[in-house]
Amino acid sequence: MKNVPLRNIFLVFLKIGTFAFGGVYSMLTFFERELVEKRKWLTHDEYIDSVAVGQMTPGPPIVNTGICIGYNLKQLRGAIVTTIGQAFTGTVLAILLAIFYIKTKGNVLIGSIMKGIGAAVVGLLLSIVYKMAKNTVRDYKTAVFAITAFFALAVFKLNPIGLILASGILGFVVFRRTTE
Amino acid sequence: MILLKFCLILFVVNSLTIGGGYVMLPVLHKEFVEKYHWLTNQEFLDAIAVGQITPGPLTVMNAVIGYKIAGLIGAVLAMISSYMPCIIIVTLVCKYYFLYKESVIVHSSFKGIKPAVIGLLAAVAIPLGTTSIVDLITFGIAILSFTAIAFTKIDPTFVIVGAGVLGALFL
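Line order of the protein sequences matches chains A and B.
0 is the number of the first residue of the first sequence in numbering that gives the first Met the number 0; add one for each residue after it.
0 is the number of the first residue of the second sequence in numbering that gives the first Met the number 0; add one for each residue after it.
Next up, chain A with everything else stripped away, as it sits in the complex:
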C-alpha cells in the first residue's frame, strides 16, 4: 500500500462515484483500472481481497469495496473519505430530484411519467429476483429458504428483519457442515 494524501483519495472516489453508472461489474473494472493499473495504490491481489470484503459485508458492495481500500490506505480517515467521495454526487442529484418531484406534484405530465417509471421499476425488481435466483438458488435447500421467505412475507406478513436474522441462524444450522 502506498502513502497517498487523503485529498487525492477523496478526489478519485468522487470521480468513481460520479461516473458510477452501469452496474456492479463495470464498476469493479473501472475501480481496477483506476486504482491498480493507473495509480498503483494497491496490488491486484489486495484489490481482489477488497472486492471479496465488499461482497461479504452488509450494505452496497461497491461502496464497501471502496471503504476497504480507503481503510487500507489511511485507516478510518481513509474509510470515511472514500464513502463521502462515492456518495456525494448521487446524493446531491437525488436531493435535487426530490425537490423537483415534490414541487411538481399534481402536474399531469410528471404523473404520467412517474406511472410509466413505476411499472418499469416493478419489472426491474423481478429481473433482479430472476438474476439473483439464477446465481444463488442451486439446490433444494436454498430453494426452500427462498420459497419459505417469500410466503412468510407475502402471505403471513412477518417482519423482514426477523426473517433475515432467522434465515442466518437456520443457514448456520443447515449449511454448517458443508461449509467446513
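Honestly, the hints are just simulated from the structure, not real lab data.
Note that beta-carbon positions come from the ideal geometry of N, C-alpha and C, so glycine has one too.
Just so you know, not all the hints are guaranteed correct.
Here are the in silico distance ranges between beta carbons for each label pair [unchecked claim]:
id, chain 1, residue 1, chain 2, residue 2, range
1, B, 103, A, 101, 45 to 51 Å
2, B, 151, A, 18, 17 to 23 Å
3, A, 134, B, 33, 43 to 49 Å
4, B, 168, A, 101, 34 to 40 Å
DSSO-like cross-link-like pairs, simulated, lysine-lysine; straight-line CA separation at most 27 Å [as the list claims (entries may be wrong)]:
id, chain 1, residue 1, chain 2, residue 2
5, A, 39, B, 94
6, B, 94, A, 102
7, B, 94, A, 73
8, A, 39, B, 67
9, A, 156, B, 4
10, B, 94, A, 156
11, A, 140, A, 156
12, B, 100, A, 73
13, A, 156, A, 133
14, B, 4, B, 34
15, A, 102, A, 133
16, A, 37, A, 73
17, A, 133, B, 152
18, B, 34, A, 104
19, A, 14, B, 152
20, A, 73, A, 102
21, A, 102, B, 4
22, B, 4, A, 130
23, B, 34, A, 156
24, A, 104, A, 14
25, A, 104, B, 67
26, A, 130, A, 156
27, A, 140, A, 130
28, A, 133, B, 100
29, B, 100, A, 130
30, A, 130, A, 102
31, B, 4, A, 140
32, B, 34, B, 67
33, B, 4, A, 37
Stretch by stretch, here's where chain A covers chain B in the computed footprint (C-beta under 8 Å, at least three residues) [unchecked claim]:
id, stretch
34, 7-15
35, 20-31
36, 65-78
37, 97-107
38, 116-128
39, 158-165
Fit chain B to the given chain A structure using the hints.
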C-alpha cells in the same frame, strides 16, 4: 422523534443487508410504507427510480425518502445512518479479514440469508406491482423492463428513462 426512528431503521437495515442494495427494499417497504405510512407505494417506487437513475448505489434512494420526511436535514441524516454501519463493519472486517474469511459462522449464515432475501424481494414486488400495474400499458412496460434487464445488457438507467418517455406518451 420520527427522524430518530427513521435513522434507526436505516442503520439496522444497512447492518443486515448482504448482497446489494435491492436487499434492503423488503425491510424499507415494510417499515416506511406498511407500518409507519411515511410513503405511499407510488412514492416508494419513485424513490427506487431516483436511486436507480442517479450514479452510485441504490442507497441514495434513502436520501429521497429522508428529504420527503424531513427536508434537507432528513436527507443528510439518511445518508449518514445508511453508511455508518458500512464503515464500522467493513473496517472491522478489513482488520480481522483472515479470521472473518475462514469463519464458518459467517459463511453458513450467508448461505441461508442469500436465498431468503430473494424470496423477500419477490414478495415485495406484489404490493408494488398492484399499485403500479393498472392497465395493459403499464403491464406492457413492466414486461419490457423485465425482459430488457433480465436478458440483455441494457443499463437499467436507460430502461427507467425509456419507461418515463412511454409514460409521457401513453399514460
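Consistency of the hints with the structure:
1. B/103 / A/101: 45 to 51 Å: holds, 49 Å
2. B/151 / A/18: 17 to 23 Å: holds, 22 Å
3. A/134 / B/33: 43 to 49 Å: At 29 Å between Cβs, range violated.
4. B/168 / A/101: 34 to 40 Å: For residue 101 of chain A against residue 168 of chain B, whose Cβ atoms are near 24 Å apart, the range 34 to 40 Å is violated.
5. A/39 / B/94: holds, 21 Å
6. B/94 / A/102: violated, 46 Å
7. B/94 / A/73: holds, 13 Å
8. A/39 / B/67: violated, 42 Å
9. A/156 / B/4: holds, 21 Å
10. B/94 / A/156: violated, 38 Å
11. A/140 / A/156: holds, 22 Å
12. B/100 / A/73: Given pair residue 100 of chain B, residue 73 of chain A holds - Cα atoms ~22 Å apart, limit 27 Å.
13. A/156 / A/133: The given pair, whose Cα atoms are some 25 Å apart, holds under the 27 Å limit.
14. B/4 / B/34: holds, 12 Å
15. A/102 / A/133: With a Cα-Cα distance of about 41 Å, the restraint between residue 102 of chain A and residue 133 of chain A is violated, given a limit of 27 Å.
16. A/37 / A/73: holds, 19 Å
17. A/133 / B/152: holds, 16 Å
18. B/34 / A/104: Within the cut-off at roughly 24 Å; holds.
19. A/14 / B/152: With a Cα-Cα distance of about 24 Å, the restraint between residue 14 of chain A and residue 152 of chain B holds, given a limit of 27 Å.
20. A/73 / A/102: violated, 42 Å
21. A/102 / B/4: holds, 26 Å
22. B/4 / A/130: Given pair residue 4 of chain B, residue 130 of chain A is violated - Cα atoms ~33 Å apart, limit 27 Å.
23. B/34 / A/156: holds, 11 Å
24. A/104 / A/14: violated, 33 Å
25. A/104 / B/67: Holds. Residue 104 of chain A to residue 67 of chain B sits at ~12 Å (cutoff 27 Å).
26. A/130 / A/156: It holds: about 25 Å lies between the C-alpha atoms, which stays within 27 Å.
27. A/140 / A/130: holds, 18 Å
28. A/133 / B/100: holds, 24 Å
29. B/100 / A/130: Roughly 25 Å separates the two Cα atoms, so the pair holds.
30. A/130 / A/102: violated, 36 Å
31. B/4 / A/140: violated, 36 Å
32. B/34 / B/67: Satisfied, since the Cα-Cα distance of roughly 17 Å is no more than 27 Å.
33. B/4 / A/37: This hinted pair is violated, its Cα atoms lying about 44 Å apart.
34. 7-15: holds (count 5)
35. 20-31: Held - the stretch 20-31 of chain B has 6 residues with a Cβ nearer than 8 Å to chain A, which meets the minimum of three.
36. 65-78: The restraint on the stretch 65-78 of chain B holds, since 5 of its residues have a Cβ under 8 Å from chain A and three suffice.
37. 97-107: Contact hint for the stretch 97-107 of chain B vs chain A: holds, 7 residues under 8 Å.
38. 116-128: It holds: at least three residues are needed, and the stretch 116-128 of chain B offers 12 whose Cβ sits within less than 8 Å of chain A.
39. 158-165: The restraint on the stretch 158-165 of chain B holds, since 7 of its residues have a Cβ under 8 Å from chain A and three suffice.
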